[in-house]
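**Q** Sequence:
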Amino acid sequence: MLKSSRPSDNLVTVPMQSPPRWTELGELVGLVARQRASTRSDLGRVTGLARATISQRVSQLLDLGVLVEAGDGTSAGGRRPALLALNPAAGVLLAADIGANHARVAVATLGGHLLDERALPVTLSDGPQRVLSLLVDQFQSLLADTGWTADDVRGIGMGVPGPVEFATGTVVKPPIMPGWDGLIVPEVLSREFDAAILVDNEVNLMALGEYWSRELVDEQLLFIKVATGIGCGIITNGLVHRGADGAAGDIGHVRVSHDSEVVCSCGNINCLEALASGSALARQLTAEGTITRGTGDVVALAQAGDPRAVRYVRIAGERIGEVLASLVNFYNPTEIVIGGSLAVLHDDLLAGIRGVIYQRALPLATRRLKIETSPLGQRPGILGGIMLAAQGALEPTRLSTWISGALAEG
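Here the sequence shown stands for residues 1 to 410, where the numbers follow my numbering.
Don't read these hints as lab results, they were simulated from the structure. Any given hint could turn out to be false.
Restraint ranges, calculated between C-beta atoms of paired labels, are given here [what the hints assert, rightly or not]: (1) A85 / D259: 57 to 63 Å; (2) R80 / K173: 54 to 60 Å; (3) N332 / S133: 40 to 46 Å; (4) A52 / L362: 56 to 62 Å; (5) T123 / V344: 21 to 27 Å; (6) R51 / A119: 45 to 51 Å; (7) S260 / T123: 30 to 36 Å; (8) G179 / A85: 41 to 47 Å; (9) H346 / S260: 25 to 31 Å; (10) V262 / T290: 17 to 23 Å.
Note that the structure is a prediction, hence the values are computed from the model and not measured. Note that beta-carbon positions come from the ideal geometry of N, C-alpha and C, so glycine has one too.
Between the sequences and the hints, there should be enough to build the whole structure, so can you do that?
**A** Laid out in structure tokens, this is it:
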């Protein structure tokens, strides 16, 4: 049964002689949740349903605890209309952002308000069973700490550092995720949670989190993650562009110019990721005698002013800028946001990126272009995961299933 913001003695049993269509109720809730309608009059105008029908449906949703009245709206003459909102006590969302060697998990209200989050180390080479078991344990702990249970979860949004067939949540030949190829992640998580479960490439979640945290409108945004690997999330007017099979934005495997042949993890030669990622810079520094174990060491050396580290970071920025200049000409974004663990080196990294983009991209394509690092640090992925979970939970079919179950219990 859904938790209700009303006292239990105010709940009424929904008459079942003429049950409403579940899709109709789900669509009404979706309109309110997406802020396309905030009053009964709004719902009538958007749906075309009669006032009496809207009143009956809204009353049922209020009695079920799915919607609540949240104050009074603006009057156009006469009585001020009651504002409708999604009941924050109607359930929660879970999100996970899994990187190459870390993860961040969170629980949030259906409206996207963050309740709790935590970061933890993971080792992808341990395989999906161990990593996902750890993830489920963390989810259960978060729910317990915030007073919820698995039955209250309405949606889960998750990002992984590899290619994903978004329609099914299947991981497809990920270069740095041994044992994950062909795994349908939602099937695994659905053993523990009866919820909408959406899985995407982690950089798409970062792009989504960046976009909505800024409350951008009608913007074309490219989010570039520069860390152990390199990827790009593409947002057009609030929607993620994934391409036909979910492979859009994989710029880490675009070939760039180089005076020798460097083999990438994908098997090709001179990919951007093989030359300009944090792991690539660590290899280059180690080859010159500075033992560098990974991206974190590269960042520490550059921040300490190590001249070779600073030089390699600037060269990496130029190589990234070479690829992005082509994307600017092709996509004409309004904003490019650089994130990931190397983004903290914004002075050196951005100098290389900006210089090449403004040199090589057409003036019209750069006239309104902003290039900057993310102000969210390591958090855009988890914020995007919450947004993705909300999209799944508020999808009309999922809402209909949820509401029909609540009506049956009532």
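**Q** For every hint, state whether the structure bears it out.
**A** Hints versus structure:
1. A85 / D259: 57 to 63 Å: holds, 60 Å
2. R80 / K173: 54 to 60 Å: holds, 57 Å
3. N332 / S133: 40 to 46 Å: holds, 44 Å
4. A52 / L362: 56 to 62 Å: holds, 58 Å
5. T123 / V344: 21 to 27 Å: holds, 23 Å
6. R51 / A119: 45 to 51 Å: holds, 50 Å
7. S260 / T123: 30 to 36 Å: Check passed, 32 Å falls within 30 to 36 Å.
8. G179 / A85: 41 to 47 Å: Given range 41 to 47 Å: holds, Cβ gap about 44 Å.
9. H346 / S260: 25 to 31 Å: Cβ of H346 to Cβ of S260: about 29 Å, so the range 25 to 31 Å holds.
10. V262 / T290: 17 to 23 Å: holds, 18 Å
In this structure, none of the earlier numbered hints is contradicted; all agree with it.
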